[in-house]
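One letter stands for each residue in the lines below.
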Amino acid sequence: MPQAVVCVKPIPDPKHWDKLYLDHKTGVLRREGVPHALNPPDKHALEVALQIKDEFSWDVAVVSMSPPDTVKILRETLAMGADRVYLASDKAFSGSDTLATAYALSELIKKKIGLFDLVVCGSMSLDGSTSQVPAQLAHYLGVPHVTHVTKVETDDAKSFKVVMDFKASEMIVECKTPLVLSVTKEVNLPRIANVMGIISSENKPLEVVSATDINADLYKVGLDNSPTKVKELFIPEIKRKKEILKGGDPEDIVDELLDKLHETGVL
Amino acid sequence: MDFVVPEKLELLRKSIAEFAQREIVPLVNEMEKTGEFPRQIISKMGEVGLLGLITSSEYGGSGIGFLARAIAIEEVSKVSAAIGISLQVHHMSCWPIETYGTEEQKKKYLPMLAKDTLGACSITEPSGGSDVLGMQTFAKMEGDYWIINGRKCFATNSHAAGVIVTIAKTGQDEKGRPTFSAFIIEPDFEGFSVGREENKMGLRGAYTGELVFNDCKVPKENLLGKEGDGIKIALSTVNRVGRSGMASIGVGLCYASLEEASKFAKERVLYGKPISKLQSIQFSLADIYTYAEMSRWLNYRANWMMDQGLPCDTEMTLAKYVATENAFMCAKWACDIHGGYSCILEYPVQRYLRDAWVTIPSGGTSQVAKVVLGRYALKNF
Numbered sequence: 069m070p071q072a073v074v075c076v077k078p079i080p081d082p083k084h085w086d087k088l089y090l091d092h093k094t095g096v097l098r099r100e101g102v103p104h105a106l107n108p109p110d111k112h113a114l115e116v117a118l119q120i121k122d123e124f125s126w127d128v129a130v131v132s133m134s135p136p137d138t139v140k141i142l143r144e145t146l147a148m149g150a151d152r153v154y155l156a157s158d159k160a161f162s163g164s165d166t167l168a169t170a171y172a173l174s175e176l177i178k179k180k181i182g183l184f185d186l187v188v189c190g191s192m193s194l195d196g197s198t199s200q201v202p203a204q205l206a207h208y209l210g211v212p213h214v215t216h217v218t219k220v221e222t223d224d225a226k227s228f229k230v231v232m233d234f235k236a237s238e239m240i241v242e243c244k245t246p247l248v249l250s251v252t253k254e255v256n257l258p259r260i261a262n263v264m265g266i267i268s269s270e271n272k273p274l275e276v277v278s279a280t281d282i283n284a285d286l287y288k289v290g291l292d293n294s295p296t297k298v299k300e301l302f303i304p305e306i307k308r309k310k311e312i313l314k315g316g317d318p319e320d321i322v323d324e325l326l327d328k329l330h331e332t333g334v335l
Numbered sequence: 209m210d211f212v213v214p215e216k217l218e219l220l221r222k223s224i225a226e227f228a229q230r231e232i233v234p235l236v237n238e239m240e241k242t243g244e245f246p247r248q249i250i251s252k253m254g255e256v257g258l259l260g261l262i263t264s265s266e267y268g269g270s271g272i273g274f275l276a277r278a279i280a281i282e283e284v285s286k287v288s289a290a291i292g293i294s295l296q297v298h299h300m301s302c303w304p305i306e307t308y309g310t311e312e313q314k315k316k317y318l319p320m321l322a323k324d325t326l327g328a329c330s331i332t333e334p335s336g337g338s339d340v341l342g343m344q345t346f347a348k349m350e351g352d353y354w355i356i357n358g359r360k361c362f363a364t365n366s367h368a369a370g371v372i373v374t375i376a377k378t379g380q381d382e383k384g385r386p387t388f389s390a391f392i393i394e395p396d397f398e399g400f401s402v403g404r405e406e407n408k409m410g411l412r413g414a415y416t417g418e419l420v421f422n423d424c425k426v427p428k429e430n431l432l433g434k435e436g437d438g439i440k441i442a443l444s445t446v447n448r449v450g451r452s453g454m455a456s457i458g459v460g461l462c463y464a465s466l467e468e469a470s471k472f473a474k475e476r477v478l479y480g481k482p483i484s485k486l487q488s489i490q491f492s493l494a495d496i497y498t499y500a501e502m503s504r505w506l507n508y509r510a511n512w513m514m515d516q517g518l519p520c521d522t523e524m525t526l527a528k529y530v531a532t533e534n535a536f537m538c539a540k541w542a543c544d545i546h547g548g549y550s551c552i553l554e555y556p557v558q559r560y561l562r563d564a565w566v567t568i569p570s571g572g573t574s575q576v577a578k579v580v581l582g583r584y585a586l587k588n589f
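Respectively, the protein sequence lines represent chains A and B. Start counting the first sequence at 69; every next residue gets the next number (the numbering used here). Start counting the second sequence at 209; every next residue gets the next number (the numbering used here).
So here's chain A without its partners, still in its complex pose (with noise of 0.2 Å):
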């Protein structure tokens, strides 16, 4: 049976940002008493592979890394329609910056999964928003990644065209399976489990597997071994303006006005 995989995120949970702060002293994001959610353009990717799967009969495993206690979260996917769950959690994990974390994803993939036909991935994570996993599981995977996907299109789940969309322009690309495809939600609307799916989950397997369980080379993962820091968080002050234009020809005002509304990016 055709093979999609799809990469998952718990997050803490965007309706309830406003309870994180800043922990100036230490530099680290609190983020105590905000629940997890799923990574919203994750839901788009899981749609996208579920799609194909009430087309063409595929299966669909999620594959995650993150502590044990969002296993709950996960089960969401399996409740949406999604086949199996595999979840990487180990403290080898804690600290993993992108190129860990694709790594211990493609290791995840290759010991749990093993051939596959298409990865999905969010085109970010709202919480990091670096966009940078999927290319790099792309990498380790050895497969072709298109990004920004905003439209999947195949007859016969074999060859896609999907449409990439830069905003100010947009390409068209045919590619093959194996591939990994991240997409922006643009791509569709995922749909809500419904309450036959949130019974069928709880029978569904949901495996949490250590960095051992899919020998994982443990100096490829982790805070210690991940080539990227954050060197420092901040939030951004963001202060009111006032300048006074002043001068006699309302004209040369105006122009004036202009030229600082585009300095600043205003226009």
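A portion of the hints provided could be inaccurate.
If you want the footprint, here are the derived chain B segments under chain A, 3+ residues with CB under 8 Å [claimed, not checked]:
(1) 252-259
(2) 298-311
(3) 461-468
Calculated cross-link-like contacts (lysine-lysine; reagent style DSBU-like; alpha-carbon spacing at most 30 Å) [to be verified]:
(4) A/Lys309 with B/Lys474
(5) B/Lys440 with B/Lys578
(6) B/Lys481 with A/Lys87
(7) A/Lys83 with B/Lys481
(8) B/Lys348 with A/Lys121
(9) A/Lys140 with B/Lys540
(10) A/Lys83 with B/Lys540
(11) B/Lys474 with A/Lys93
(12) B/Lys323 with A/Lys272
(13) B/Lys485 with A/Lys307
No lab work stands behind these hints, which were simulated from the structure alone. A virtual CB, placed ideally from N, CA and C, is assigned to each residue, including glycine.
Let chain A serve as the given structure and place chain B on it in line with the hints.
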């Protein structure tokens, strides 16, 4: 003793909340303006599984249970108590058919009721709802048909229902007291029509209207339960399904009031600081929260007992009485916190107040509930 809501039901809560935001919120303003029920929501509620929550899987539902139903109605009612009551009364048609119906009736009606057909359960007549024995609607057997004559009023889903469970007088017992039987009605039965549609102050967008039986021909196989079982069927449906449904709507309104009041208090700045910093506002929020939690857990206990097969009529009545009265108080306090803004239609707290008021007499007034609870207290304490 375990007060933890199962993970499965928390996932259900999340899904239904998402459904309500996506599919129901866009309908609310139009429902308020016109009072019209948005029929397009029926099949969508069927797809997400709301219609079949207490219908067994062999008849097209999920059978997930009454506690799940309480949570689902609560989430729907947070955004629209009108859709909440339409849904809860729909279940009042499903449950008696599954509990008392023949296999043929279950196979015919339950799958459509779980998918894309709205149901209704109508007992109240112009003479009153709680005075069951005083009802005038009667049915007599003629050949292969029951011929029903009479009029029901305050029927929720009246103008949108595809299946209606009702009762009518069919005889009298040895002491001369009237006996009643229950029937399953389809709107296209000869002699059936819908009458006046009420223009309500609250729960706008849920149909409340009259059902008219004018020599209505009901096939004999549409008798629900045995002849003479009408009161038993009606009261058990009202007690176990109707009251828990109304309680769930009340809980939803309590929490909607809490969320709106808290949000407004944090945003509204007076004398240079948010009014949430004022102790008097915190006291009001504390009252809303207290009443909301009280309502929720009484309702969850009653519905959990129903799922366990335990006798729970008193607990259901208690939950309904407390939750609907509390919903009104919570909405009133939320309006107090909003001050003058509570009078503006753009602010939903005024709707919660109107909706809560209408939930109190629905399914039996608070006074009727207190009669039941008072008798229980005298008997047991």
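Tested hints:
no. : hint                   : in the structure
1   : 252-259                : holds (count 4)
2   : 298-311                : violated (count 0)
3   : 461-468                : violated (count 0)
4   : A/Lys309 with B/Lys474 : holds (26 Å)
5   : B/Lys440 with B/Lys578 : holds (21 Å)
6   : B/Lys481 with A/Lys87  : holds (19 Å)
7   : A/Lys83 with B/Lys481  : holds (24 Å)
8   : B/Lys348 with A/Lys121 : violated (55 Å)
9   : A/Lys140 with B/Lys540 : violated (37 Å)
10  : A/Lys83 with B/Lys540  : holds (26 Å)
11  : B/Lys474 with A/Lys93  : holds (27 Å)
12  : B/Lys323 with A/Lys272 : holds (25 Å)
13  : B/Lys485 with A/Lys307 : holds (25 Å)
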